[in-house]
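Participant: Use these hints to put chain B with the ligands onto chain A, whose structure you have.
Protein chains in written order, with this note's numbering: chain A, 5 to 249; chain B, 438 to 1262.
A portion of the hints provided could be inaccurate.
Here are the in silico distance ranges between beta carbons for each label pair [said to hold, decoys possible]:
id : chain 1 : residue 1 : chain 2 : residue 2 : range
1  : B       : GLY660    : A       : ASP128    : 44 to 52 Å
2  : B       : LYS445    : A       : GLN144    : 36 to 44 Å
3  : A       : ASP166    : B       : ASN527    : 23 to 31 Å
4  : B       : ALA1012   : A       : PRO215    : 54 to 62 Å
5  : B       : TRP536    : A       : GLU209    : 51 to 59 Å
6  : B       : GLN1002   : A       : GLY91     : 43 to 51 Å
7  : B       : ASP690    : A       : ARG213    : 48 to 56 Å
Examples of chain A residues lying across from chain B (beta carbon under 8 Å, computed) [said to hold, decoys possible]:
id : residue
8  : LYS21
9  : ALA26
10 : GLU89
11 : PRO94
12 : LYS190
35 Å max Cα-Cα, derived DSBU-like pairs, lysine-lysine [what the hints assert, rightly or not]:
id : chain 1 : residue 1 : chain 2 : residue 2
13 : A       : LYS6      : B       : LYS635
14 : A       : LYS6      : B       : LYS1212
15 : B       : LYS1108   : B       : LYS1212
No lab work stands behind these hints, which were simulated from the structure alone.
For every residue, glycine included, the Cβ atom is placed at its ideal position computed from N, Cα and C.
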Amino acid sequence: MKQWGFYFDQTRCVNCKACILACKSWNEDKRGDAAVNPELTWLTTGRYEEPAEYENLAGSTGEQNFADFGKYHMKENWRRVIATEYGDIPPNVDVLNLSISCNHCEEPVCVKACPMHYIYKETDFGIVLADKNKTCISCQRCRQACPWDSPQYYDDNIKKFDEYDSAKPRMTKCDLCIDRIRDGLKPACVASCPMRALDAGPMDELKQRYPDWTDKVENFPDGRIPSLDNNTKPNIIFKKKIRRV
Amino acid sequence: MKADKEMKTVMTLHPMHCGGACMLKLHMKNGRVCKVTSAGDIPREGSYVKDEALMPIQRRACLLGISEKRRIYAPDRLKYPLKQTLERGNIRGFKRITWDEALDTIADWYREMLLRKDDLGYLPIWDEGGIAPYLGPYLGRFGNPSSGNLQAATFASIGEYSKLRGNPPMDIFNAKYIVIWGNDSQATVPYLAFAMMKAKEEGIPITVVDTRYTDTASSMGTGYGNVPRYICVRPGTDSAMLSAMANVIYRKDLHDKDFLKKYCFGFYPGDSVISQSPSKHPVTGEPYVGKAFTVPKGLSFVEYLDELQEEHGGYDGVLTWASNLTGTPKDVIEEFAIQYATAKPAFICSKLTGPQRTHNGMYFSWMLIALSAMTGNITKKGGGFGEIRADDGYSVRMDPEPALTDLEANQPILFSIFNLSDVMLHGLDGRTSKELREDVLAMNKIDLGQDARLKMEMVVRGAVGGNPFNQFQNINKRTIAWDKLKYVVSYERFMTSTAAWSDIVLPTITNFEESSFRMQWVSDTFVVNGPIEHMYEAKPDRWINEQIALRLGLDYGRKNLTDRQIMEEQWSKAAVPEEYKEINPEVKLPSFEEILETANFQLPVPKEKTLIQTAAIKPGEFDTDTGRINFYSPYYAERSRMVLKVPRAQYVKPYEGYEDIIKDGGKLGAKGIRYTLQFITPHAAQRALSTYGNLPVIGEQRPQLVEMHHEDAVARDIHDGDLVYVFNDYGCIKLPVMLTKRILPGVVSIAQGACYRPSTTETYEAWFDADNDGKPEKHVGPVDVGGCTNTITTDLNSGVLDPFFCGLGLNAGGALCEISLQKPR
Ligand code: SF4
Ligand code: SF4
Ligand code: SF4
Ligand code: SF4
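One chain only, chain A, in its complex shape (with noise of 0.2 Å):
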């Protein structure tokens, strides 16, 4: 097996947001809340559910309806991009984007903490993956484990589910676009950047091609780094952008 992780520019990152469209737009049947969600069922019968009428998607206040048009797309951020701004008053100001998914990480401490099995590390690329053929009981202990946010929920607000509810939110996360990369394809994130500052592949690969590698860069605002010290190895290696204030 050939570990697979991303690389990531920081310097030519400009916080498009592309790439978390693009996932969203790939992968959008494998969203949590698909199997209730009528939207969906074109994809596997070819029959596109018409929603209703234009006068009962108004609101009833008379303005559009924002709330009951989001039910349509997938809500979990498989990948995020966050921008920390450091300095005080322009011109004396800098920005760092970090466009972030899962980091396939060496020891996912995410597998470690679900009491149901339902993570695992498969095998071939090493990608760490939700095992649709276990069950997810929400119990967000993956999500707190995880340093970056990886596994997601449709909904963060899962104590308002019932705990049978077939709706209720399951954990679903980055797969690394494995059915794109099985047939020879770029992940759609990294397909997407307009920049061109996200790649994906064997980490060996990456590094070679990406000589001058770093494997920490400074990005969330409550200073956690993703980097290859941290307990979890994560696969992800960056070009690093100099702060300047």
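Facilitator: Below, chain B with the ligands without anything else, positioned relative to chain A:
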């Protein structure tokens, strides 16, 4: 898990009015778009070189293109004709009607307007994409919100912008120094942002000038010598900075005297010239060649610089003045001027940007041209006049689509779009009735008589006609003015504000439901491959017009030709232009089947061979009145239609802005409140103008908010995420606030393009002049909870109010407002 093998892919242009030109790869199954990727979605093996290439470049899409599936299949797409049964703007009042009922009604309205034409001499219809042009003279807009002020500047100084569009993107690689002025291309033009990034990585120094610390500023700025990577300028004061820079260049003797003598007019006092211009007077049609021009005393550019020194106390005083206005230290301005003048060549790239979309925006663009002329950069590779064009300059020659009719379109009577509400209310657009009468007589041969005024009684807006209810200034005045209209018809895909304020709304198809060739600003040939069937009852615009025309007995329509037949015919005669064969003799046009499959054919130009249009023009033969590059415009002086009265490149104070804050700590409005904050309304990545504002998948990632510096927030007891009121005399918006370090204290930013949504519970007392007595009066209307910037913008023209060429621009930034946590009275 394996990818779905039944999925077929279709490449297509993402045909959007955003400024980009991107490719989408649609993954289709059962006639539906299942997933969307873009031009970068090629097999991984060996893709690295192609991914990084600029020639040809992968035209990768932004977040909007990638999310198109959500727009095509959005639940709120309009699906059948709707008729308003309650008051305009109330979307609960819309009821479904049949196409026949809708078309018959609209045909009746046209007939009624034809009777009005007998009285008025023209149809009182403002038509944007309907069939009025074939029925008689009608009303049409002039003024261009994206580029009007830039167009005013180029028309004065180098010729029509439609002919001279700046140096091409590849030409930045020929520059020694790149200045990105007010341009956040990552938000609107992804391919340009990537090219700039490549230039930076090649080691070309870059300085970014912007009011906000945009991601372009953050990722592209490197600095050059002692010039910092980022210069922050207060809104509306960019041209003051440029004036001070011009003074530095002149006093330090860094200007290109030969170039100024050979190419320019109006720089030196008493300059005179016998014109060798190829162009004609826009109004009289008289050729300029042979006419003598002299710059009047006091109005040359050097005299302006002298005036500045006199007024502000010499060389240092001018720097102090510009520093106080812009907020940039004196030594930075001085160093910036020196480095710009000595880099040779230096490329300033502004692209229809924010500083241009202000009340004095024309002078910003003109000052960029002035600086480029002083340094001789204007005709150089790696230089240019301050604007970067979108394309490389060579395109496949192809016939247009066959015309829909042999009927001749009538010349519209033009009115200023920025005074739309006044035209509806009083028939005047900022011109006096005497000027209006003269213009219409000269252009349309129609005499509007004594006390000339325009009558607008019906509005027809095709899907190409934008969202005018929302996208022009002063919404509260517009809701009053709109009431005067008898009939409003919209062709639309979604319930935009303009659709909501219409009487009949007709559903139209998306660009994924029909096919055609497109150029889309860049020089590539693109195919819009529309692989899905027309959805619901939605129709193409042309079908709607055809049906109305049929009812009115006009011969109009496509005559059963399919998209494919038309495209095949076009492609059979397509050819690569001869000039391009000199750049690449190997070039071969793809076959029809090939172009349909790739949907994109590029004619890239290497940096050594970039097209520099200005370099091809002989000195003295520019398309201006004098034939020279003008620092002073005799045509503008003669016509006297400039909104800010000054026919010369220089700084001109806008109607309101930072100077009011320096002087009185803000401006006391008619309402009696002092407004102390400047606002700007930039284009945002989350919308292409107002399109996509309705998609929650985008809104979740990029919500509509007001950006504000922490310092301003503390002073107002505001916290991140609070719902705040942003208000001035014109109206009040309620929206969440985001605190940031990216913006200067004293300036707030709201992205333009969100749709106006009147609150059903909260009202606001606004003060503006709707009765045309020159004095503002009180108007109580709803608070806007949609976050539409035009709730607080003023319907003042900027640029040049002259319909004989396009030079009328939008004033959308730099004006004043106030923000509070509590609802203002
Ligand atoms: S698409 Fe690329 S540039 Fe845009 S946010 Fe993602 S990583 Fe950054
Ligand atoms: S990034 Fe988080 S979710 Fe992904 S493998 Fe590592 S610990 Fe698990
Ligand atoms: S939320 Fe689901 S996947 Fe995560 S730890 Fe709990 S059971 Fe396992
Ligand atoms: S690799 Fe695939 S699943 Fe993971 S973030 Fe990127 S697009 Fe999403």
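Participant: For every hint, state whether the structure bears it out.
Facilitator: Structure-based check of each hint:
no.: 1; hint: GLY660/B to ASP128/A: 44 to 52 Å; in the structure: holds, 47 Å
no.: 2; hint: LYS445/B to GLN144/A: 36 to 44 Å; in the structure: holds, 40 Å
no.: 3; hint: ASP166/A to ASN527/B: 23 to 31 Å; in the structure: violated, 38 Å
no.: 4; hint: ALA1012/B to PRO215/A: 54 to 62 Å; in the structure: violated, 46 Å
no.: 5; hint: TRP536/B to GLU209/A: 51 to 59 Å; in the structure: holds, 58 Å
no.: 6; hint: GLN1002/B to GLY91/A: 43 to 51 Å; in the structure: violated, 60 Å
no.: 7; hint: ASP690/B to ARG213/A: 48 to 56 Å; in the structure: holds, 50 Å
no.: 8; hint: LYS21; in the structure: holds, 5 Å
no.: 9; hint: ALA26; in the structure: holds, 5 Å
no.: 10; hint: GLU89; in the structure: holds, 4 Å
no.: 11; hint: PRO94; in the structure: holds, 4 Å
no.: 12; hint: LYS190; in the structure: holds, 5 Å
no.: 13; hint: LYS6/A to LYS635/B; in the structure: holds, 31 Å
no.: 14; hint: LYS6/A to LYS1212/B; in the structure: violated, 75 Å
no.: 15; hint: LYS1108/B to LYS1212/B; in the structure: holds, 12 Å
Against the hints set out earlier in the document, violations occur for numbers 3, 4, 6 and 14.
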